[in-house]
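Residue numbers (our numbering), protein chains in the order written: chain W, 994 to 1171; chain D, 2 to 158.
It should be emphasised that the hints constitute simulated quantities derived from the structure, not laboratory data. Note that the structure is predicted; figures quoted are calculated from it, not measured. The reader is advised that the hints may include incorrect statements.
Stated by the list, open to error - Computed footprint of chain D on chain W, listed as stretches where at least three residues anywhere in the stretch have a Cβ under 8 Å from a Cβ of chain D: (1) 1026-1033; (2) 1037-1049.
To be verified - With a Cα cut of at most 27 Å, we get these calculated DSS-like pairs of lysine-lysine: (3) W:K1138 x D:K125; (4) D:K42 x D:K125; (5) W:K997 x D:K125; (6) W:K1133 x D:K42.
All C-beta atoms, glycine included, are put in the ideal place defined by N, C-alpha and C.
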Amino acid sequence: MNRKTVWNAVLLTCRLVLGGLFVAAALFKIPDAATFAREIANYRLPLPVPFINAVAVTLPWIELLAGLLLILGLWHSAERPPRAASLAGRCGWFFFHHFQRGALLILSGLLVFFIGLLAVTMVRGIDANCGCFGPLTAQKVGWPKILENFFFLLFSVPLYLALRRPASGTATDSAGGE
Amino acid sequence: MKYLRQTALIVLLGGMTGFIFNQFSPTGISLTGYDPVTDVKEEAAQANMPTVDLAEAHAFFMDGGAVFVDARPPELFSEGRIEGAFNIPEHAINAHLPEFRQMIPTGVPVIVYCDGQDCVSSLKVAGDLAQAGYQDVQIFYGGWHEWMSAGYPIEWD
């Protein structure tokens, strides 16, 4: 097994873990926006109610879309399809080609934001549910959740490193495919 | 810049999908009409669980006839609690209940509290204590923050 194969396996794992984490989290939250809104409110941030509700309604979909883009980008070729390719094929290529970097930035940015929010909540001494996976899990804010988020953030590091390398064939060679 | 443009487009697309889904979903919420702030007093009333306010909780404390139970996580309990309170965290009720039952007879009034009016840990713990046979379980809905703000007796580790 050469280094390139190992590196590709690492990138594949990172995409599946990071993307899968957010897809799963979103699927738990989407069916019950009311509970998710309550869990956001439980952090007691000075935010207006309509804003809290809007976040509860939209954030899971943003997580779902970004997570899917990161996972589905596995099958994205770095090479532009020929003009003879179907319109759907060319549109699909354009979509994945241009949005994977954004997806990675959103997912890693969310993890950094969650770590900050959990830390601030702990410092403020607030007894809150994490709300990370919606109403089905009742994990509490605390050090285990912060460490868990740091752990998942590590999976974004190889993907960012891959973006700095020149593309070589497929998106599994470079996370951005560009 | 390229990153930010892509990020903005994903956020826009995901956000619009969320709003549209919410509009047509049977579990959708009104952005301006739904109040997400939890009120343990209201939820206790719905669950037929008696509640006490700050003055009543303080009277129970001074009388010495009731036991206080703190439903917050152990870390917060260690940082500060109502003097003499027991800790039965919401997520570890089964681990703490046997010891509590050995020490406190089921006829003794129990006052359960958590952070404040917008947490529901106390409701869950109070329900489990009632199920365990405690006949007089009440929720102090003002909780730790109201007690502390009033300057009433507290302790910490």
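Right, here's what the structure says about each hint:
1. 1026-1033: holds (count 5)
2. 1037-1049: holds (count 7)
3. W:K1138 x D:K125: holds (22 Å)
4. D:K42 x D:K125: holds (13 Å)
5. W:K997 x D:K125: Status violated; Cα separation ~53 Å.
6. W:K1133 x D:K42: holds (22 Å)
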